[in-house]
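*Asks:* Now for the letters of each chain:
There are 2 protein chains.
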Amino acid sequence: MKLILLSGGSGNRLWPLSNSSRSKQFLKVLRNKDKQVESMVQRIWSQIKSSGLADDTFISTSSTQVDILQSQIGSNIPLIVEPVRRDTFPAIALAAVYLNSKMKVPLNEMICVLPVDSFVEDSFFLRIKEMETSLSQSGADLALIGTPPSYPSEKYGYIIPNENKEGETNNLFRTVKRFVEKPDEELAKQLIQENALWNCGVFAFTLGYMTSILKEKGMPIQYEELVKQYDKLPMISFDYEVVENVNRAVVLSYNSSWKDLGTWNTLTEEMDLHLLGRGIISNSINTHIINELDIPVIALGLLDIVVACSPDGILISEKAMSSKLKDVMKNIKQRPMYEERRWGSYKVLDYTVNENKEEVLTKKIKVLSGKNLSYQFHQQRKEIWSITAGEGIFVLDGNFVHVGPGDNLMIPFASKHAIKAITDLEFIEVQLGSNLIEEDIVRIFMTWEEIEQNLSN
Amino acid sequence: MKLILLSGGSGNRLWPLSNSSRSKQFLKVLRNKDKQVESMVQRIWSQIKSSGLADDTFISTSSTQVDILQSQIGSNIPLIVEPVRRDTFPAIALAAVYLNSKMKVPLNEMICVLPVDSFVEDSFFLRIKEMETSLSQSGADLALIGTPPSYPSEKYGYIIPNENKEGETNNLFRTVKRFVEKPDEELAKQLIQENALWNCGVFAFTLGYMTSILKEKGMPIQYEELVKQYDKLPMISFDYEVVENVNRAVVLSYNSSWKDLGTWNTLTEEMDLHLLGRGIISNSINTHIINELDIPVIALGLLDIVVACSPDGILISEKAMSSKLKDVMKNIKQRPMYEERRWGSYKVLDYTVNENKEEVLTKKIKVLSGKNLSYQFHQQRKEIWSITAGEGIFVLDGNFVHVGPGDNLMIPFASKHAIKAITDLEFIEVQLGSNLIEEDIVRIFMTWEEIEQNLSN
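Quick note, the sequences are listed as chains C and V, same order.
Residue numbering for the first sequence follows this note's numbering, starting at 41 and increasing by one per position.
Residue numbering for the second sequence follows this note's numbering, starting at 41 and increasing by one per position.
In short, the hints are calculated from the structure, not lab data.
Don't take each hint at face value.
Over 10 Å on every C-beta distance to chain V, these chain C residues come out as not near it, computed from the model [to be verified]:
1. 114
2. 181
3. 426
Once the Cα atoms are required to be at most 20 Å apart in a straight line, the calculated SDA-like pairs of lysine to any residue come out as [said to hold, decoys possible]:
4. 387/V with 393/C
5. 169/V with 255/V
6. 422/V with 449/C
7. 387/C with 96/C
8. 403/C with 420/C
9. 255/V with 287/V
10. 403/V with 420/C
11. 403/V with 469/C
12. 403/V with 204/C
13. 373/V with 334/C
14. 422/C with 422/V
15. 387/C with 370/V
16. 403/C with 111/V
17. 42/C with 96/C
18. 373/C with 318/V
19. 364/V with 322/C
20. 370/V with 315/C
21. 411/C with 113/C
22. 387/C with 403/V
23. 144/C with 98/C
24. 387/C with 392/V
25. 387/C with 320/V
26. 387/V with 391/C
27. 299/V with 196/V
28. 397/C with 446/V
29. 411/V with 395/C
30. 373/C with 401/V
This structure is a prediction, so every number in the text was calculated from the model and none was measured.
We put the CB at the ideal spot given by N, CA and C, even for glycine.
Okay, chain C solo, but in the shape it has when bound (with noise of 0.2 Å):
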């Protein structure tokens, strides 16, 4: 078996500590059982790898999220990168024809695709292992998991199981009798008294089978030939489009914690720190806060909130009521404040724009010991660096100098630049110009060492 770990979208129902760059799986709120602060992915990828499973996985995502799943996972996890973002179909149609035309998987093997943010117990990868011997033994297109529900929740998908046959014993997994997507509490109500499991969102499926669809539907089975095609294709579902058209599926029962933390209100409850960063909760009940900020936070007789800071901005909301802040969030438009990269971080320190409709973007840049920008110019600004920490190489339109706290770099408009970190580096750049985009950058690509061999002749 192969297992996909589908790397999800951006969102905003983590906001502010969500973002168009950083997605949910990436916030280290959790804790390990060292007590070590822990991302949703981080958490996942160990226990795909205590399961004996980390060979065989696979992770499908989109270019933006390289870089911070490099730095938090490490750099030796095969990605499927996505030209551009779609949904679960498409990706999931995109790792499929990886395996097939570029790792040359067989047709027999089975798929299983699990995304990023399940939040399980280490049995749910015994599951996931029970799915192969599920999906041979009964002969069913597709294996899914399911849980019992917890309560007649409107926002899950709900999987009706036949009951099994007279004189049957099998254990492993039941036939699915159909699917239903949120239905009202009532219907919810019903669906449970039917024995029917919320579905976590687990698909497994022989490759074969994949391959089989896409060539139903016309679309390539070649790898090249279908990233060409990836921005045409519709953005929709895996459940969709796949999933409830399929002739025979089957279930396998999950019966410990399985939990969607979407939204505040549900991640909170697996936070058992209840302060994460600076700050002071005084005369408080169930109240978290969660400061990704210099600046302490103090919350003085709170009941149920979520306090959330990061140089986005600032929520503070009921808990019960963050599940409406998607809806909010559509009346603020923001350039993200913060972003990790493969080479580091940034952050935005400041944005005004001067008398002369000119912009200034001050940033705090931080490069990790030997690590680089990118050999680089801008079209539509200047920039101005002071090294504040560490030690460097920073080269300008062909000349190398070496660079530590107190220097201070002019970089005109369409100079080349680039810079290498020779232990952890820290610069603040103020940026002059228009369009202060992170898109105004002309990249020269180029390791460090073509730079350093290209420019030294």
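Position chain V relative to chain C; hints supplied.
*Replies:* Just chain V, lined up with the frame of chain C:
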């Protein structure tokens, strides 16, 4: 009469908007009749002007408040500046001695002392004017203003007046029977039965009365002499040192609204805007946001909550609980992150310590058009300035240079420097060194004109 406006000390009760450099009276959270945002100082100063008392008004303050006072109400109001912070008795003594020995105010003239954070109706100033007649008619040493209590508060002072004697029809004032400071609720209820009034903190007396008290206590009544001894004066309040020992006092009754805006609870009651700054309040009741940061604040599903954000920190408090803030704040130690000065303002953007144990402080500095930073040097830090907006003249060790956006200025250790804004000027300052505090400034006392003349020769 002379009016002494007592611009009191800093405090944490309105943290994070008040701090050791910004006192609550300077917060621009109220609105005037034209719906313009104003501070308590601006409000009371406009009331003093419209009551015709402006020309007879002096402000008693500390040196730390001079810049912000002048920036908020102009620089024409005479200030009596305490050399160090003491309590109200030394401050009033200094003001009296100043009026006597410097301004030659006659000893029979009435001095009226008024706290700058009195939140009152305009009619309050009619009572202040009537204190002069009351004092002379009654022959009392002290006149006060009292207001009918609205509830048996435990945090105010109470003035218990004598009943008018039979046949007496004095509507202007009554004589004072006794004072009670901060009674418990039971006693407060009794006092209200006795027609007690809350003490509004206004004191009127003749200059001669005050100088005689100082002489009795062996204190100098010559201004320079008192300044010299000022830091040795006891930190004691005027209430305790004078009011409680007075022989004859009268009280004038003021029957309109009087409020102490000293906690977030009472202050927000006077704020008709629920949102100041960037943010959204959704599904919330009786909730206020005061946001001085550049990032948005979202409040969702809150009841009776105040949210206050400044570069110093973030407070989220249930309103009634906000009176406990002072106690909680004892655990927070931090430099002020934002200050308003005579020449403009600064905001701390970032503070770190690098691997060489060198401190790095990044500030955004605004210098108002026509103003300048004093000619100065630093013993323990170098600075890098990146000009981001406006035009100015920069001088470094005697060399003048015209600067504008994109210019970059290096200021080595111990180099003398200053800058003057031609138009409103902004720059990002990166300080590197040790002991990065405001106090590491050696000022060379010269006006900008003197700098230009001395250095151009």
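*Asks:* A separate judgement is required for each hint: does it hold in the structure or not?
*Replies:* Status of the hints after comparison with the structure:
1. 114: holds (25 Å)
2. 181: The claim holds: residue 181/C sits with its nearest Cβ about 43 Å from chain V, beyond 10 Å.
3. 426: The claim breaks: residue 426/C does not keep its Cβ more than 10 Å from every Cβ of chain V (closest is about 4 Å).
4. 387/V with 393/C: holds (17 Å)
5. 169/V with 255/V: Violated, because 28 Å separates the two Cα atoms, which is more than 20 Å.
6. 422/V with 449/C: With Cα atoms ~16 Å apart, residue 422/V and residue 449/C stay inside 20 Å; holds.
7. 387/C with 96/C: Roughly 36 Å separates the two Cα atoms, so the pair is violated.
8. 403/C with 420/C: holds (17 Å)
9. 255/V with 287/V: holds (17 Å)
10. 403/V with 420/C: violated (25 Å)
11. 403/V with 469/C: Given that 20 Å is the threshold and the Cα spacing comes to 13 Å, the pair holds.
12. 403/V with 204/C: Measuring from Cα to Cα gives roughly 70 Å; hence the hint is violated.
13. 373/V with 334/C: holds (13 Å)
14. 422/C with 422/V: The given pair, whose Cα atoms are some 24 Å apart, is violated under the 20 Å limit.
15. 387/C with 370/V: violated (30 Å)
16. 403/C with 111/V: Violated. Residue 403/C to residue 111/V sits at ~30 Å, over the 20 Å cutoff.
17. 42/C with 96/C: Roughly 5 Å separates the two Cα atoms, so the pair holds.
18. 373/C with 318/V: Holds: residue 373/C and residue 318/V sit about 12 Å apart, inside 20 Å.
19. 364/V with 322/C: Judged against 20 Å, a Cα distance of about 10 Å means the pair holds.
20. 370/V with 315/C: holds (18 Å)
21. 411/C with 113/C: This hinted pair holds, its Cα atoms lying about 17 Å apart.
22. 387/C with 403/V: The given pair, whose Cα atoms are some 15 Å apart, holds under the 20 Å limit.
23. 144/C with 98/C: Roughly 14 Å between the alpha carbons, so the hint for residue 144/C and residue 98/C holds.
24. 387/C with 392/V: holds (14 Å)
25. 387/C with 320/V: violated (23 Å)
26. 387/V with 391/C: Holds: residue 387/V and residue 391/C sit about 13 Å apart, inside 20 Å.
27. 299/V with 196/V: holds (11 Å)
28. 397/C with 446/V: Holds - the C-alpha atoms of residue 446/V and residue 397/C are around 13 Å apart, at most 20 Å.
29. 411/V with 395/C: holds (18 Å)
30. 373/C with 401/V: With a Cα-Cα distance of about 30 Å, the restraint between residue 373/C and residue 401/V is violated, given a limit of 20 Å.
When held up to the earlier numbered hints, the structure conflicts with 3, 5, 7, 10, 12, 14, 15, 16, 25 and 30 and fits the remainder.
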